[in-house]
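Chains as they are written, first to last, in the working numbering: chain A, 1 to 132; chain B, 1001 to 1559.
Think of the hints as simulated: they come from the structure by calculation, not from any bench.
Mixed in with the good hints there might be a few duds.
Said to hold, decoys possible - From chain B, some residues computed to sit far from chain A (all C-beta separations above 10 Å): (1) 1005; (2) 1042; (3) 1099; (4) 1321; (5) 1507.
To be verified - List of simulated lysine-lysine pairs, DSS-like, C-alpha gap at most 27 Å: (6) 1493(B) - 74(A); (7) 119(A) - 1445(B); (8) 126(A) - 1472(B); (9) 1006(B) - 1045(B).
Every residue, glycine too, gets a C-beta built ideally from N, C-alpha and C.
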Amino acid sequence: MERPIRVLVAKPGLDGHDRGAKVIARALRDAGMEVIYTGLRQTPEQIVEAAIQEDVDVVAMSILSGAHNTLFPKVVNLLKERGVTDRLIVGGGVIPEDDIPFLISSGVEAIFTPGTSTKDVVEFIKTHVKRQ
Amino acid sequence: MYNEDKLDKILSSYQNWEDNKIAKLIEKFPERKKTFTTGSGLEVKRLYTPVDIKDIDYEEEIGYPGQFPFTRGVQPTMYRGRLWTMRQYAGFATAEESNKRYKYLLEQGQTGLSVAFDLPTQIGYDSDHPLSEGEVGKVGVAIDSLKDMEILFDGIPLDKVSTSMTINAPASVLLAMYIAVAEKQGVTTDKLRGTIQNDILKEYIARGTYIFPPEESMRLITNIFEYCSKYVPQWNTISISGYHIREAGSTAAQEVAFTLADGIAYVEAAINAGLEVDEFAPRLSFFFNAHNDLLEEVAKFRAARRLWAKIMRDRFKAKSEKSMQLKFHTQTAGSTLTAQQPDNNIVRVAIQTLAAVLGGTQSLHTNSRDEALALPTEDSVMIALRTQQIVAYESGVTETIDPLAGSYYIESLTDKIEKEAMEYIKNIDNLGGATKAIETGYIQKEIQNSAYKYQMQVESGERVVVGVNKFKIEENHKKEILKVDPQVEIVQKKKLQRLRQERDNVKVKESIDMLVEKAKTDENLMPYILEAVKSYATLGEICGALREVFGEYEQSVIL
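Here chain A stands alone, though its shape is the one from the complex (with noise of 0.2 Å):
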């Protein structure tokens, strides 16, 4: 049978607004994935560091506090210092559509804004997994 892909379901800097990443957490399970979810307040550091452990496939990050474009791509570069390149990483919140092509050039695959249907997130993650 195949592996179920493992995902880190993230909140990076100080905002609270966890309903998104817990949302997006349950889809990600009901749709058999094995989630991990971290809780609040976890820094660039902490979230690399979980992703190592859990030997997860995916980290998806949420943030709504507009300090994605320092927060976002520091996780994608702390994971290549650490020499893991194979896994995908996705970002969503409330971020300005003239912010996402900075993103997606910094490493991170895909930004879901307001409004994604959960089902939309499950089949880009299926269909970009890169561990398999």
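Assemble the complex: chain A is given as a structure, and chain B must be docked to it using the hints.
Leaving out everything else, chain B in the frame of chain A:
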């Protein structure tokens, strides 16, 4: 409310209508859905009649505005006397920038201020703390010390405005800064009017800006109750908030239930700290959400008022009517705003404004159309404020008190929400109260279940969100949005560096040492926090010292 004969007649004529008119008709033309529900999922009947409210005693349950149980409003004349306070939540970047926005809002006819702090401030970190990286000035204004607070209120006379501050874990520090600014302006504390949110329980439940564990947090909160009852008598010492509980996905009835359960916990904590209920209870205030289901929301506000009045009278034996009045601020529902076709949000906000006003709110913040995209622009804030003014001056709903009372549907729904909320409060009591129910994750789990159910209904199309799952269009997303300059963080760090060089560091150390000393005793900490603030100790230093003594809250992560 009707005599038996009359009710029997209505019951039979109603049956007649169902049998003869409806039955045949819906055979040919079925209704749009099998079951109809409110925004929160309560079942809605085809028609409400006097039969639905036959058990509601007018005098006992509905009554008169300004009288127990306050179902119809807390003030005797409501908006005929004075309109609600139009209070737009604002703050971003630096104190200088926010000060400009406040002055602009006051010029536009806004009648009270509402300060948004950035996340580092809300969690008690200075702008140069490592965890503050990327967050400085983003969701609100960065306040590191009394210096910033002086700039924030520069040229705004604190005896003339009322100020609401969305601050919780470090509420005592920000209140102390406000008092210190007032003193510098020559304004005595008895003249100060405003509110601090100061509601830590809902931070654990839904909002996330907690610092200290429950017991220590409750101590800081009751310290404020006691201090303000003596020195800042016009200050609302807490704003017990359902807003964020609802934003996190709760239903309307859960919003009422969990908020009032938190309220019960605060009242109990204060009584346990030796305070008299009628001394502090009149300064308790509440904060609710206004969603799209107009009639359900109106019923919710009425139910909350009635239930709180009963709790205060019967459970806590309050004597003063003021202790029984649930006064509340409302904000329209951020979570209902869509990033798609954002101008549609103006209409949503207008409906939510009506809900708040028909529900008898004391103050209101209307969201701006672009808040699903970023912080609002000045133009968007203007439309949001104008929405309130149009409802206030043009809609006519303000001319009589509680105009929806007596509607068979509204009264029946008010009753239903009250009963459901009472059921939840009973469950929470059985778990040992709100703090325990949070620690075990009961409240969070209930909210998460509702949030997930809602999301699934949207995705199945069962629940329509215009522009999101129906009536979609291709959009050009190049909308003008507000961006906080990344320079803000650098500027704020420099200001902080300068402050640390220029202030009297011996005095700072003494005041912090004293605070640490007193934190280990049972003394009220407010005077010592005030001293520390006046010595220009920073927020991070003060909260850091208290972190050392109190420890930090560990979130219980529940999925």
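Status of the hints after comparison with the structure:
no.	hint	result
1	1005	holds, 51 Å
2	1042	holds, 21 Å
3	1099	holds, 21 Å
4	1321	holds, 36 Å
5	1507	holds, 30 Å
6	1493(B) - 74(A)	holds, 21 Å
7	119(A) - 1445(B)	holds, 22 Å
8	126(A) - 1472(B)	holds, 26 Å
9	1006(B) - 1045(B)	holds, 21 Å
Checked against the numbered hints given earlier, this structure breaks none of them.
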